[in-house]
Amino acid sequence: MSQWGSGLLKGLKVTWQNMTRRSSTAQYPDAMPELPPRSRGVIALFEENCTVCMLCARECPAWCIYIDSHKETVPPAEEGGRERSRNVLDRFAIDFSLCMYCSICIDVCPFDALFWTPEFEYAEFDIRDLTHERDRLRDWMWTVPAPPAFDPHADEPKELTAARRAADKAASQAAQEAEAAQRTEGGEA
Amino acid sequence: MADWLEVVLRLLVVMAAFLTLPLLVGQAEHKVMAHMQSRVGPMYAGAFHGWAQLMADGVKFAQKEDVLPDAADRTVYRLAPAVALLPYLVVMVAIPIGPGLVGQDLDLGLFFVLAVMSIGVLGALMGGWASANKFSLIGGLRVAAQLMGYELPFVLAAVSPAMAAATLSLTGIVEAWEPWWLLWQLPGLVVFFVAGLAELQRPPFDMPVADSELVFGPFTEYGGLRFALFILSEYAGIVVLALLTTVLFLGGWQGPFSDQLGWLWTLLKTGAVAFCVIWARVALPRMREDQLQRLAWKALVPIALAQLAITTVGAVIVA
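As they're listed, the protein sequences go chains U and E.
Residue numbering for the first sequence follows the numbering used here, starting at 1 and increasing by one per position.
Residue numbering for the second sequence follows the numbering used here, starting at 1 and increasing by one per position.
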């Protein structure tokens, strides 16, 4: 059982302290908020990476992604080879009036074609304008910030490890070859 | 001719104070409350830290439709805001802010002030009754219950400095005031301030307008200018309460350089008291109806009576 009235005094103390500190309010239209990368503002499409695998459209819980495509054949790379077929994107649209910003499409994309960007000022007067077509989704790509840096002692990214391993291998191979060449030269002399 | 001019001039000054001080307190409440809650409050109206917010509010209120409920008691309904507001104007005429700086110095100043001030509360009661609305009625009756409970300690506490100064004139009380009265009259000061808050229905004593249960109590049906008058009367009430607390308990214009800067001391002390009114609103939770009554009858009235006894003893010893 605490002292009677201590709660009231505490209230007075807390409000006094709040008053003597600067408030961290940012007046939005005057000061833009600093949003971290991957903030769920709007979805950008890096269409060069898209293979029209349809995973995003199928996983979308709100059914807000529309994709149309057709197949094209590519002539064989070598003489006598087989013709290859390739998917070509015709339409990619996201209806942001349906989207619930769950991020599943971005998580599920195997080819890194979808990205979050923190831009959020895309309100419209007509709900139909909230369906962003391919060009607009591609334009959002310019606003995607670099991903946040890794933690100080985190493992390095897998891409870096793989690249370094390949580089090391090539370097050691080159060194061995150089050594072998020197040995043959020495033998002759 | 000169007398006539002086009367008009004094009344004009009182009127000007009546129109500006409540707005100052209201704006201070906006900003102080915001900063106490880690916000910044109005920032846009008037371009510099929202200084014109209350004027913008006033313009908005003036544009609104004047709604009159079908079942309302029309005359009483229309009269209520004026009854709530005008007494505070009348009270301000009699409160001195400096030596000789008073609308009309009355020998019975304290008596007059207390009598007129309690009329203001009737405005809320009238509004609550005339609105023909259950929330308004309950709110109005709560106002009445609060008035019954807190008028007694309010008056008892106010009598104490008058006894100590052996005069009912507010100017006389300030002139008789000495710094050690701060200690001597401390219980009376606390009772006067708390009971005054309750009379104004300011938080934490805002049970009559408790918005979570009564919408807005007696003012539920009001809108537009009439509503604005009620709100203005609340802030005028704060100004009057702060002025009275200053004059009765804090020595009014007494302080360094009081010959030249007396009125400034009064206003400064008034501002400090008004700040405490706002602070109490931000920091303290609303009291329940039964807690309200218990505080009045079981704590404030006995303390006020004890203060009277202390004052009597002190007055006899000093005299």
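Errors might be hidden in some of the hints.
[Unchecked claim] Sample of chain E residues facing chain U (criterion: CB under 10 Å; computed from the structure):
no. : residue
1   : 35
2   : 37
3   : 43
4   : 46
5   : 48
[To be verified] Chain U regions said to be covered by chain E (calculated; three or more residues, Cβ under 8 Å):
no. : region
6   : 103-116
7   : 170-183
Derived from the structure by calculation, the hints contain no laboratory data.
The structure presented is a predicted model; accordingly, all values stated were derived computationally and were not measured.
Don't be surprised by glycine CBs; every beta carbon is placed ideally from N, CA and C.
Closest C-beta approach of residue 46 (chain E) to chain U relative to 10 Å, hint status: Since chain U brings no Cβ nearer than about 15 Å to residue 46 (chain E), farther than 10 Å, the hint is violated.
Interface hint check: residue 37 (chain E), Cβ to nearest Cβ on chain U, cutoff 10 Å. Holds or violated? 7 Å, holds
Verdict on chain E covering the region 103-116 of chain U, criterion of 3 CB contacts below 8 Å: With 0 residues close enough to chain E, the hint is violated.
Are residue 43 (chain E) and chain U close enough, Cβ to Cβ, to be under 10 Å, as the hint says? 6 Å, holds
Measuring from the C-beta of residue 35 (chain E) to each C-beta in chain U, is the shortest one below 10 Å? 5 Å, holds
Taking 10 Å as the limit, does the beta-carbon of residue 48 (chain E) come near enough to a beta-carbon in chain U? This hint is violated: residue 48 (chain E) lies away from chain U, its Cβ roughly 13 Å from the closest one there, beyond 10 Å.
How about the region 170-183 of chain U: do at least three of its residues have a C-beta closer than 8 Å to a C-beta of chain E? Since three or more residues must qualify, the claim that chain E covers the region 170-183 of chain U is violated, with 0 doing so at under 8 Å.
Hints 4, 5, 6, 7, counting from the list given before, are not met by this structure.
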